[in-house]
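Engineer: Starting from the known structure of chain A, arrange chain B on it as the hints suggest.
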Amino acid sequence: MHSRDTFFRFIRPEHLYLTALSFIVVTSILVSAIYIYLYVKKKRHFLKQFITDKLDEYISTILIGEEILPDQLLLDEELTDILNRKSGQQLAIDQLINTKKNLTGHAAESIIELYEKLNLKTISIQKFRSPLWYKKAKGIYELYMMNQKSLEKQIAQYTNSNNEYVRTEAQTAIIGFSGFHGLSFLGTLSYPLTDWQQIKLLEQLQLLNPDKMPDLPLWLQSTNQYVVAFALKLAETYQQMHVHTEVVHCLNSPSERIRHQAILTLSRIAQDDTTQILKTIYAQETYANKQTILKQIAIIGTDDDIDFLINVLKTETNDTLKLEAVRATMKSSLDGDKIIAEVASENQVIAVMAKQINYEMTK
Amino acid sequence: MSGLNIFIDILTYGIFIYSVTLLFFYVFIGLYSIGETRLYIHKNNFTDYRLLAASSHIPSVSILAPAYNEGATIIENVRSLLSLFYNNLEVIIINDGSKDDSLEKLIDAYQLQPAPHYIQYKIPTKEIRCVYRSKNPIYRKLVVVDKVNGGKADALNVGINISSNDYIVCIDVDCILEQDALLKMIKPFLEQTDTKVIATGGVIRIANSCEIRDGRLVKVHLPDNYWARMQSLEYIRAFILGRMAWARLNGLLLISGAFGAFDKQVVIACGGYNHNTVGEDMELVVRMRRYMEERKVPYKVAYIPDPLCWTEAPVSTRIFGRQRNRWTRGTIETLQLHKVMFFNPRYHVLGMLSYPYWFFFEMLAPPIEFIGFFVFVIMAFLGIIEWQMFLALLTFIIAFGYMYSAFAALMEVITYNMYRRKTDMAKLLITALTEPFIFHPFGVWAAIKGYIDLIRKKKSWGEMTRQGFGQSPAIKKQ
Numbered sequence: 026m027h028s029r030d031t032f033f034r035f036i037r038p039e040h041l042y043l044t045a046l047s048f049i050v051v052t053s054i055l056v057s058a059i060y061i062y063l064y065v066k067k068k069r070h071f072l073k074q075f076i077t078d079k080l081d082e083y084i085s086t087i088l089i090g091e092e093i094l095p096d097q098l099l100l101d102e103e104l105t106d107i108l109n110r111k112s113g114q115q116l117a118i119d120q121l122i123n124t125k126k127n128l129t130g131h132a133a134e135s136i137i138e139l140y141e142k143l144n145l146k147t148i149s150i151q152k153f154r155s156p157l158w159y160k161k162a163k164g165i166y167e168l169y170m171m172n173q174k175s176l177e178k179q180i181a182q183y184t185n186s187n188n189e190y191v192r193t194e195a196q197t198a199i200i201g202f203s204g205f206h207g208l209s210f211l212g213t214l215s216y217p218l219t220d221w222q223q224i225k226l227l228e229q230l231q232l233l234n235p236d237k238m239p240d241l242p243l244w245l246q247s248t249n250q251y252v253v254a255f256a257l258k259l260a261e262t263y264q265q266m267h268v269h270t271e272v273v274h275c276l277n278s279p280s281e282r283i284r285h286q287a288i289l290t291l292s293r294i295a296q297d298d299t300t301q302i303l304k305t306i307y308a309q310e311t312y313a314n315k316q317t318i319l320k321q322i323a324i325i326g327t328d329d330d331i332d333f334l335i336n337v338l339k340t341e342t343n344d345t346l347k348l349e350a351v352r353a354t355m356k357s358s359l360d361g362d363k364i365i366a367e368v369a370s371e372n373q374v375i376a377v378m379a380k381q382i383n384y385e386m387t388k
Numbered sequence: 034m035s036g037l038n039i040f041i042d043i044l045t046y047g048i049f050i051y052s053v054t055l056l057f058f059y060v061f062i063g064l065y066s067i068g069e070t071r072l073y074i075h076k077n078n079f080t081d082y083r084l085l086a087a088s089s090h091i092p093s094v095s096i097l098a099p100a101y102n103e104g105a106t107i108i109e110n111v112r113s114l115l116s117l118f119y120n121n122l123e124v125i126i127i128n129d130g131s132k133d134d135s136l137e138k139l140i141d142a143y144q145l146q147p148a149p150h151y152i153q154y155k156i157p158t159k160e161i162r163c164v165y166r167s168k169n170p171i172y173r174k175l176v177v178v179d180k181v182n183g184g185k186a187d188a189l190n191v192g193i194n195i196s197s198n199d200y201i202v203c204i205d206v207d208c209i210l211e212q213d214a215l216l217k218m219i220k221p222f223l224e225q226t227d228t229k230v231i232a233t234g235g236v237i238r239i240a241n242s243c244e245i246r247d248g249r250l251v252k253v254h255l256p257d258n259y260w261a262r263m264q265s266l267e268y269i270r271a272f273i274l275g276r277m278a279w280a281r282l283n284g285l286l287l288i289s290g291a292f293g294a295f296d297k298q299v300v301i302a303c304g305g306y307n308h309n310t311v312g313e314d315m316e317l318v319v320r321m322r323r324y325m326e327e328r329k330v331p332y333k334v335a336y337i338p339d340p341l342c343w344t345e346a347p348v349s350t351r352i353f354g355r356q357r358n359r360w361t362r363g364t365i366e367t368l369q370l371h372k373v374m375f376f377n378p379r380y381h382v383l384g385m386l387s388y389p390y391w392f393f394f395e396m397l398a399p400p401i402e403f404i405g406f407f408v409f410v411i412m413a414f415l416g417i418i419e420w421q422m423f424l425a426l427l428t429f430i431i432a433f434g435y436m437y438s439a440f441a442a443l444m445e446v447i448t449y450n451m452y453r454r455k456t457d458m459a460k461l462l463i464t465a466l467t468e469p470f471i472f473h474p475f476g477v478w479a480a481i482k483g484y485i486d487l488i489r490k491k492k493s494w495g496e497m498t499r500q501g502f503g504q505s506p507a508i509k510k511q
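Protein chains in written order, with our numbering: chain A, 26 to 388; chain B, 34 to 511.
Only chain A is shown next, with the shape it has when bound in the complex (with noise of 0.2 Å):
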């Protein structure tokens, strides 16, 4: 038998020397772009460290010569000419941006009049303009780092964008430029707001001094969901006593995340009825949020809650939830210790979870 009695007949040697030939060919393109990549990759990491040390030298004389105001500064040629290509004006900007990150006042101010100066605004609007979402959001970004209030307007636009990065950065931007006052962006907020945003947004309003939020009854009673749990988180970080009611409200929501969120706010803005809110929804509420419930009354409950505790002790299957009671009885009273003990007299596994609280406490 012959190979071209078999498969063989229909490929024959040349054929698969040739698409090796393509491949080694492809191969050899690929290995040339290799090279190719790491000198420009090489050229800008030169690039890059002689912007860093010309602006680093430029903001010390800004910094140490109080006389010398940025637009009072002559830059080299070789700078400028750098300064004209586009790689490296994204280098300055990215640069300026990583300094102003770690200064304040009036050292943070001249960063920005350096920004100004070299022209790297417009680039920045040049970016934000741009139909690409990731150009925009990066322009977006670099022009409330360095503070161009001036586009404030043209940005809020952006705080409901479709895009959710455009539309994240957006929102940043505005609280960056107007603090609490740039929450107004909730009232019309129609797509989601993630949780790692709602971080975000958290700590750059820890960063201002806390502000009045009047529209904060309203957002609680959004549509939008992510609004809501947002806005517990406001009512919770800022403690708005004034929003109880709302609060208590969002206890009836169908989502497990809010009503989550809602019992931590809760217990942040207690009242004298907020134990007996959370004790009355206890039985209806899901494992998890059980375990926030008995984890907030060893917060804010007292003896008052030593009956609901014990209840919860002797008829919950769960272990982790008996766990939580443990911990809120012994928190919530002065004599939370003997009242375990006398539980656990009888229950070798609450003695455990006692010796364990104990311990934890008493670290």
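Bear in mind the hints are in silico, worked out from the structure with no lab data behind them. Hints are supplied without guarantee of correctness; some may be wrong.
Cβ pair distances, simulated, as ranges [as the list claims (entries may be wrong)]:
#1 B/Gly-104 <-> A/Asp-362: 36 to 46 Å
#2 A/Thr-387 <-> B/Phe-375: 48 to 58 Å
#3 B/Ala-87 <-> A/Glu-341: 34 to 44 Å
#4 B/Ala-87 <-> A/Ile-54: 41 to 51 Å
#5 A/Thr-262 <-> B/Gln-144: 56 to 66 Å
Here are the simulated DMTMM-like pairs of lysine to aspartate or glutamate, each with C-alpha atoms no more than 20 Å apart in a straight line [stated by the list, open to error]:
#6 A/Lys-304 <-> A/Glu-341
#7 B/Lys-329 <-> A/Asp-101
#8 A/Lys-79 <-> A/Glu-141
#9 B/Lys-229 <-> A/Glu-189
#10 A/Lys-160 <-> B/Asp-247
Glycine residues also receive a C-beta, built at the ideal position from the N, C-alpha and C atoms.
Structural biologist: Coordinates of chain B only, in the frame set by chain A:
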């Protein structure tokens, strides 16, 4: 047509179709991964992780690090974990019945004392001897659990039972993590909206020959050792191309046991790690996905292409062979346990694409390659095919392999560019030339041995001796 002709036709057509489909998948994976990596880089271009590292609003995370006879490096490894940027963190070291002095060293170095702890066996495990916490408040994040030896899966299950946080990050204790690794791994969980993120996988890079100081990676070098260097290339291909493409398809079946983050509730609901397989990392991901599919809950397994975790690769053929042997057994065991999903439309991408891909091109690839190679040699000897044809086929496959490796190396340079020196890249590319003649055949042989061991019902992991990254503050190069 004679019977022999029919047999040879079936064999050759079969192998041809198999090879073409595999090559098509490689091309598809290579190209499809570009979009996912590009999107990730664009998305994270201006994320300031520093702002969130100290946040009290970030979710709580427990790092679970099983340790077995790690006495030589355990102190440094734990120090490295304790220094990670993350506010709500608990580091749980599970001493899995080590025979060396790991526990004593930990007790001394971190001023540990027994701490009463009510242990809930949400997942059944071997007995826990003691839970330790530090007397020193600066080590308040640290929990050390001493347990009876039960293997890695059992140790991780103990960690899950002990953990008091919402998310767990399972790692190999000797891995070096980047400072912001946890923030990057947790981010996908916080970005979920309608689709629940159940797990996040991180890229593993090879740390051999890299400079490590005080448990931190200081400078990246390409490994000096041939086997480790070859694995560097292999990991680039697997992580930058393969896993990114599968993540984009939402069809990822494997998150490396060396570094992965999980939603603890889902892990517990699934029953935790399976200690009856040596591929417990893959098996858990497959089971979690299956659990979500069966409950019709929209879910996602995310992947982070950033080089976040650095590990020591085997440098000897003996240890490397054991590792590949174990991986093969783990893959077969996992696919066997979940065979109900094979081409089952009920499991969507998981059943129709991921599982069949793993079955045909990961599990069956070594025996098909092994048998195929010998059949072709025999056919050439018998004159059924000409030697010229045999060599042409071999050249075709090898040339494709080079092209794929060069593409992976280019993607690495464009994206993370960890090996910046021209000589490093040249070494990597030259090493790639030897792959079809040394590294690959050895890997296939180790996998075949894995099949044999599985048939013999061998369940052990095989000893995985490591050289260690060196003692602080000296720099140790391998």
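Engineer: Against each hint, give a clear statement of whether it holds in the structure.
Structural biologist: Here's how the hints hold up against the structure:
About 40 Å separates the C-beta atoms of B/Gly-104 and A/Asp-362, a value consistent with the hinted range of 36 to 46 Å. Against the hinted window of 48 to 58 Å, the Cβ-Cβ separation of A/Thr-387 and B/Phe-375 comes to about 56 Å, which satisfies the hint. In this structure, B/Ala-87 and A/Glu-341 meet the distance hint of 34 to 44 Å, their C-beta atoms being roughly 36 Å apart. Between B/Ala-87 and A/Ile-54 the beta carbon distance is about 47 Å. The supplied range of 41 to 51 Å therefore holds.
A beta carbon spacing of about 35 Å between A/Thr-262 and B/Gln-144 contradicts the range 56 to 66 Å that was offered as a hint. Straight-line distance between C-alpha atoms of A/Lys-304 and A/Glu-341 comes to about 14 Å, which keeps the hinted pair within the 20 Å bound. Between B/Lys-329 and A/Asp-101 the alpha-carbon distance is near 64 Å, which puts this suggested pair outside the 20 Å criterion. Restraint check for A/Lys-79 and A/Glu-141: satisfied, since their Cα atoms lie roughly 16 Å apart, inside the 20 Å limit.
Taking the CA atoms of B/Lys-229 and A/Glu-189, the gap is about 17 Å. The hint holds against a cut of 20 Å. Between A/Lys-160 and B/Asp-247 the alpha-carbon distance is near 39 Å, which puts this suggested pair outside the 20 Å criterion.
Checked against the numbered hints above, the structure breaks hints 5, 7, 10 and satisfies the rest.
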